[in-house]
Amino acid sequence: MAKALHDYSIAEAGALLRSGKITSVALTEHALARIKAIDPVISSFITVTAEGALADAAAADANFAKGIDKGPMQGIPHALKDIYATAGIRTTCHSKLLLDNIPKEDSVVAAKFKAQGAVLLGKLATHEFALGGPSFDLPFPPARNPWNTNHVPGGSSSGSGAAVAAGLVRMAMGSDTGGSIRGPASYCGTIGLKPTYGLVSRRGVFPLSYSLDHCGPLSWTVEDSAIAMQVIAGFDPQDPGSANVPVPDFRGKLGTGVRGLRLGLPRHWFAKAEGATAETLRAIDDAAQTLAKLGATIEEIELPDYELYNACGRVIMYSEAFAIHERNFQTRPLDYGLYTYLRMTLGALVTATDLTQAMRLRRELAGAVNDKLKSCDVLITASALAPAAAFSDLNPNTPPNLPIQTMPFDVTGNPAMSIPTGFAATGLPLSMQIVGRAFDEPTVLGIGAAFEAATNLYQRRPSFSVAEAA
Amino acid sequence: MSNDPTSDPALNAEFEVLTKRASLVIPETRKPALLQGFKELKKMTALMHRPLTAANEPAGTYDIRTVTRNP
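Residue numbers (my numbering), protein chains in the order written: chain Z, 370 to 839; chain F, 666 to 736.
You can take every hint at face value.
List time: in silico DMTMM-like cross-link candidates among lysine to aspartate or glutamate, alpha-carbon distance up to 25 Å: (1) Lys708/F to Asp674/Z; (2) Lys696/F to Asp762/Z; (3) Lys704/F to Glu695/Z; (4) Lys696/F to Glu695/Z; (5) Lys704/F to Glu643/Z; (6) Lys741/Z to Asp655/Z; (7) Lys704/F to Asp762/Z; (8) Lys685/F to Asp704/Z; (9) Lys708/F to Glu676/Z; (10) Lys707/F to Glu733/Z; (11) Lys743/Z to Asp618/Z; (12) Lys707/F to Glu643/Z; (13) Lys641/Z to Asp654/Z; (14) Lys696/F to Asp673/F; (15) Lys704/F to Glu681/F; (16) Lys704/F to Glu676/Z; (17) Lys473/Z to Glu420/Z; (18) Lys741/Z to Glu668/Z; (19) Lys696/F to Asp704/Z; (20) Lys704/F to Asp674/Z; (21) Lys662/Z to Glu821/Z; (22) Lys390/Z to Glu420/Z; (23) Lys641/Z to Glu705/F; (24) Lys707/F to Glu693/F; (25) Lys707/F to Glu695/Z; (26) Lys708/F to Glu733/Z; (27) Lys743/Z to Glu722/F; (28) Lys465/Z to Glu693/F; (29) Lys483/Z to Glu398/Z; (30) Lys743/Z to Glu669/Z; (31) Lys704/F to Glu693/F; (32) Lys685/F to Asp669/F; (33) Lys708/F to Glu671/Z; (34) Lys481/Z to Asp608/Z; (35) Lys685/F to Glu695/Z; (36) Lys704/F to Glu679/F; (37) Lys741/Z to Asp674/Z; (38) Lys741/Z to Glu722/F.
Think of the hints as simulated: they come from the structure by calculation, not from any bench.
Source: prediction; values computed, not measured.
With these hints in hand, go ahead and build the complete structure from the sequences.
Right, here's the structure in full:
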């Protein structure tokens, strides 16, 4: 092999599987060995399904041998945030409240991967119920950032970001309500795609906020997210938020470049934002220059105040989250971790009028973004405003408000992808977002792929002081 | 009590009413952090109360086709 097995992308590993040069069992054994060696340091997995994974892998190899090919994820190990229901496999939401929860049915996403013959390695750490964390008062430890384990990996899809960055999986599923895919992707230096609202079924995924929840992948390369999207996208009549739209070819614009595309840059959102570091800003400006050199036109644009988007999203999110957890908050509130408790209780303090006004404002804010996307093909903007914070910088008695600007596109529903832009002097990753028109993920992915190819940042991986597997 | 609705006593009183209405029993040790969070929340909800037009119609905001429609 030219490189270690975990360094092959889904596309590369898929080609090797189909040519018979590797087996799914070999890929899976390698991944399980890495999890055993590295995960004690980063705590990205809550449950490792080794036995099932090896059985999945053997079944995939048997299908390859018979000439049966169910799709690009066949034989590929992956993992799911532990809010995705998995039949017969504990699904805890990283919470004491669901410690013994073993679903009878798979979530739609889990079922789609299973139907493709993908290999499920296990369930990943999350901030409790996709909201709290990073907490030390829960049944499982918080995931840690593979680039520096003294730092947070971001959340709430904390285990997904950490596991992908550490090379334990090529792709892991996360969920994004206020930035829970793109935050970990930013802090861990991976791709994180929040698809258009309604493009991926949320059925069987424990809800945080009905009208803001999105399911999407984190991966090491843009193409791997595109492959995952091809498997999981599609209308689900049993998900009330699901959109009945054609599923595009997510790899259709990979390799087509950015020449002639117009990119809107709402610099006023992040240039003077509290918590923004000079390194982050410089990296975004450099990224814009790179895309301009590749042939795109960069146009600075004005949007409504960022704080309006953030406030609108939080008012809706807290309200819907509390409504979901109301009964438990009345009967067993102290079973929640402190951060979750402090965040979610705020939903009880939002009035009906506040919520209605937020819903009215939401339409206006979405309209403003979509208006800009009439003349711009995508927007590029900040994701995290600073590298990942250290655990030691967090106040254990107050939930952290980390500087990150992801909420606007949960509010508007547009597809938004976090992509690495470089590294801080500390070695921690930096990032930006690429935001597209509703259901135009192919353009977002295409621009991301062009930037990725121009920078090759994905080739830099974290190293570990522990003895690594093969 | 101060007439200023953002004063600490006023926020405290509103907090007590809203938590009682939600049938929540708040441990005393958790009140300071929750009140701090409530203050931040009030700043956010204040931003929601701004001039809005008939076009700001909230029905169907769960539907991407209407969320993303143009103004």
